[in-house]
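Novice: With the hints as your guide, set chains B and C onto chain A.
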Amino acid sequence: MSHLLALDVGWGTTLAIKTLIVLAIVPLTALILGYVFLLKMMSHMQSRLGPMDPGGFHGWYQLLGDGIKFMQKEDIMPAEADVRVFALAPAIVVLSTFLVFAVIPAGPRLVVQPLDVGVFYALAVSSLSVIGVLMAGWASANKYALIGALRAAAQLIAYELPLVLAVVGVVIQAGTMNLQGIVNFQQHGELFGWGGIGFPLILTQFIGFALFMVAAQAELTQPPFDMPVAESELVAGYMVEYTGFRFLFFFIGEFGTAFAFAALAATLFLGGWATPWVHGTAADWLGPLVLFTKVMFVAFLMFWARFTYPRFREDQLQALAWKWLIPIALVNILLTGALKVAF
Amino acid sequence: MSRVLPQPGELPEVEVDPSALRHLADAQMNVELDTGDMVLNIGPQHPATHGTLRLVVRLDGERVVAADPVIGYMHRGYEKLTEFRTYPQITTLINRIDWLSSFANEVPFISAAEHLMGIEAPPRAQYIRTALTELSRIATFLLFLGEMGLQVGAITPAFYGFRDREYVLNLIEAVTGGRFHPNFNRIGGLKDDLPWGWISDCRGTMDKVLESCDEFEDLVAGNPIFQQRTRSIGIIPPELGAAYGVSGSNLRSSGVDWDLRRDAPPYLVYNELDWKVWTHPDGDSFARYWVRLQETRESARMVLQMLDQMPAGPVMAKVPRIIKVPEGEVFVNTENPLGEMGYYVVSKGATGPFRVKIRSASFSNVSILPWVLRGVYIPDVITILASLYFILGDIDR
Amino acid sequence: MKREIKGMLTGLGVTFRTMTKPAVTVQYPHEREDPPTRARGVIALKEENCTVCMLCARSCPDWCIYIEGHKEQRPPRREGGKPRSVSVLDRFDIDYALCMYCGICVEVCPFDALFWSPEYEYSEHRIADLLHDKDKLGEWMETVPEPEPLEMGAQSKGKK
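Top to bottom, those sequences are chains A, B and C. Each position in the first sequence, counted from 1, maps to that position plus 27 in the working numbering. Each position in the second sequence, counted from 1, maps to that position plus 30 in the working numbering. Each position in the third sequence, counted from 1, maps to that position plus 13 in the working numbering.
Chain A with its partners taken away, still in its complex shape:
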């Protein structure tokens, strides 16, 4: 970090700066994703316009205004709620989002902490949110929240496996779990001797990409996998008793994690911040932009499916994960391994 800023600072300052960066970026990305896809794309898919007045130009200020509104609301807690658990649950969900952002590279040197086990760490830490969800559902003292939390527990744990197994193929091909290493592999790779677009791993790992997208959709509890938050049944599922600031945490957690998963998909399958012909310091400036574009594309796919499909029932969800996604993922790993050894 200090070499990036060309300053001589100690580890404490570095840690503080990194924390601030993550704390600033996560809500910003949640906001952007929420505005572009949830407010605007969804509206146009539903033949309407979405917010137009706040901020003047197509309502860009809407979510900021919503955020401020949430922050000044009264903090209501159900009388029989378990106060400490109730208060802690959104913090845990948001914490897991922050931790995932710590390994996502936005440039050759623009990463908060380049871990050698980047992929493993990201997926492991993203599953912390399950605990937060369970805590929220139980502490709310509300039967609907409880049902939502139980569904969430079953669903999120079931879909961890396809998520991880889908990525194993990428790791086998790239030979490393370090996210920067995977990006470098794709950047410097060649397609039959032509290095024009590098070697985006989606070309060989298309099954893995599909699995990752489906499993990420389920991990984010987005339709068609939004049983825990089934709006027409449980209203908001495990979040139903949360108001104001705490609900804002859940919202940031949901859309921040969506951005994180989309960024992971972009990094693992589409090449992340890299474009093959840009290297060095120029990549430091161009990298975030390229990553952002790829994330927007992946998020477009995720949200497109979200707005189109009805939701699976819990048992159909589980059947899909255990009977279809996991076997396909295992076959994908076998094939990748075999082909990697053969060539």
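Everything labelled a hint here was simulated from the structure, so no lab data went into it. Take these hints with a grain of salt, some might be off.
No more than 25 Å apart at the CA atoms, straight line, and that leaves these computed lysine-lysine pairs for PhoX-like [unchecked claim]:
#1 B:K238 x B:K348
#2 C:K147 x C:K59
#3 B:K348 x B:K306
#4 B:K378 x B:K110
#5 C:K34 x A:K67
#6 B:K238 x C:K34
#7 C:K84 x C:K95
#8 C:K84 x A:K350
#9 C:K84 x C:K147
#10 C:K15 x A:K350
#11 B:K387 x B:K110
#12 B:K354 x B:K378
Label-pair ranges, simulated between beta-carbon atoms [unchecked claim]:
#13 C:D75 x B:P341: 32 to 38 Å
#14 B:D231 x C:E134: 22 to 28 Å
#15 B:R88 x A:Q99: 39 to 45 Å
#16 B:D231 x C:E81: 41 to 47 Å
In silico contact screen, one side only, chain A against chain B (beta carbon under 10 Å); selected entries [stated by the list, open to error]:
#17 T46
#18 L50
#19 P54
#20 I174
#21 E187
#22 F226
#23 M254
All values reported here derive from a predicted model rather than from experimental measurement. Quick reminder that beta carbons are idealized off the backbone N, C-alpha and C, glycines included.
Specialist: Below, chains B and C without anything else, positioned relative to chain A:
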């Protein structure tokens, strides 16, 4: 307002799908794990109950062991209100029983009064009445096609339903002056005639309706997830449905070929049109969706036929200025969008009826809920509620 | 399996196509849709036609019309005749908080004193302000549209 939950042996013995009895096997495991049943209140404030319906369900995990609907949260005392009002005033009020297809509520009542008076509306009035009834049927069903997708989890179809419904409501507003509450029937005919240009507007809108039905078929009915959620869910056997008084599209989707527009003594102009009754043998929620989709298309085609065949003439028969309906009593029932709606009108010769009894479709449709909700999951409860398509105003009056 | 995949993709196609078409939203209050001519927006009173016959107040299902009037003597039309008594309207209020917009009052008026107008933007901050008095009802007369011509084949003449 609460009833005792039906005990085994009180419900008619019907062939039940064995998978619905699986919860008995779970009950054995429950004895070992010693888990209790949870009582959950779905409603009266809930997005899925279409209003203020309260369902007290006893759950075992996510399976419903018993369900008991509690109605009456929206009772407005219609039958009492009709005792002190004249026929035009009652026509205004009964728009609001089933507020989505409000024109169709007026028709049986006015037909009953005309029957007692012995007069008949002129042919043009009959055609316009039929056209407006079918338009209100299209409006209701477009909303259904959208919101059933919403209850199952897809958020977009609901918006398409509302958007396409607007075109039909604009048509109704152009004729009657009111989108939701037309208040257009009068004893002896209609209040007014069609405005200039309405017939060509209507033709354009019917084409749009047919297109949007295709869109719903692509987006919702053809979606494998939707089919997985609705096929074999909430099967109503035809004899049981008929025994409980279920009517309309719900009964037709269990395979019963019964439509009052064709089978009752002829009313309005249905016997002069070329149309068919749609049935589906399955009786599950998907069948109910499919039947209503086809009926929407059929209604659009019927309206197009009526526009071609519209006779010229007056829209009001010769009636005295102060209408006093002679003594008598009559029951007239019609095929409303939600099912069979009937009015039993008792008149003692005054300007208003002596007593009106309203047989509403949704009241009987909802009575089958304790039977059909046994042994299903909570998401299926929502699907079944959505597919039965009742309106609270129609249940509670 | 192929049918399922096709079903999923057609659904995506529908939403994508809708996204590319323009939205149907009318951005009220910047833009406005005009209601049809017959739309029941507000009731207007033509005071000179009213003879205080009370038919409208009696036929209202909600009893939201409040009428008060008194009789006045006018000079006879011809010499030597007896003075005519004329009903004069003191108070004619319609309470739009109660009004069901059914139109029975407009329909039963034998002297064409009440008219429908499609004007609908008269919301108030206080519910008591929804009681429109005689003068305000007279102001709405300016917004009453001409009765539109009827469709082909209609026999009755147009609405008053």
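Novice: It remains to establish, for every hint, whether it holds in the given structure.
Specialist: Hint check results:
About 38 Å separates the Cα atoms of K238 of chain B and K348 of chain B, which puts this hinted pair outside 25 Å; it is violated. With a CA separation close to 9 Å, the supplied pair K147 of chain C and K59 of chain C stays within the 25 Å bound. At roughly 34 Å between alpha-carbon atoms, K348 of chain B and K306 of chain B are farther apart than 25 Å, so this suggested pair is violated. For the suggested pair K378 of chain B and K110 of chain B, the alpha carbons sit about 16 Å apart, so the restraint of at most 25 Å is met.
In summary, the hint linking K34 of chain C to K67 of chain A is supported, as the alpha carbons are separated by about 14 Å, within the 25 Å threshold. A distance of roughly 15 Å separates the Cα atoms of K238 of chain B and K34 of chain C; the hinted pair therefore holds under the 25 Å criterion. With a C-alpha separation of about 15 Å, the suggested pair K84 of chain C and K95 of chain C falls inside the 25 Å cut-off, and the hint holds. At roughly 89 Å between alpha-carbon atoms, K84 of chain C and K350 of chain A are farther apart than 25 Å, so this suggested pair is violated.
Under the criterion of a C-alpha separation no larger than 25 Å, the hint pairing K84 of chain C with K147 of chain C is consistent with the structure, at around 18 Å. For the hint linking K15 of chain C to K350 of chain A, the alpha-carbon distance of about 18 Å falls within 25 Å, and the restraint holds. Between the alpha carbons of K387 of chain B and K110 of chain B the distance comes to roughly 10 Å, so the proposed pair stays at or under 25 Å and holds. Of the supplied pair hints, the one linking K354 of chain B and K378 of chain B holds, its CA atoms being roughly 9 Å apart against a limit of 25 Å.
For D75 of chain C paired with P341 of chain B, a C-beta distance near 37 Å keeps the hint of 32 to 38 Å intact. Take D231 of chain B and E134 of chain C: their Cβ atoms lie about 25 Å apart, and the range 22 to 28 Å holds. At roughly 41 Å, the beta-carbon separation of R88 of chain B and Q99 of chain A lies within the given 39 to 45 Å, and the hint holds. Look at D231 of chain B against E81 of chain C: about 44 Å separates their beta carbons, and that is inside 41 to 47 Å.
Among the interface hints, the one on T46 of chain A is violated; its C-beta lies about 36 Å from the nearest C-beta in chain B, farther than the 10 Å criterion. Taken as an interface hint, L50 of chain A does not check out: its beta carbon lies about 31 Å from the nearest beta carbon of chain B, beyond 10 Å. Because the closest C-beta pair between P54 of chain A and chain B is about 25 Å apart, greater than 10 Å, the hint is violated. About 7 Å separates the beta-carbon of I174 of chain A from the nearest beta-carbon of chain B, less than 10 Å, and the hint is met.
With a cut of 10 Å, the hint placing E187 of chain A at the interface with chain B is violated, because the nearest CB-to-CB distance is about 21 Å. With a least beta-carbon distance of about 34 Å to chain B, the hint placing F226 of chain A at the interface is violated under the 10 Å criterion. Given hint, M254 of chain A at the interface with chain B, holds; its Cβ is 7 Å from that chain's nearest Cβ, closer than 10 Å.
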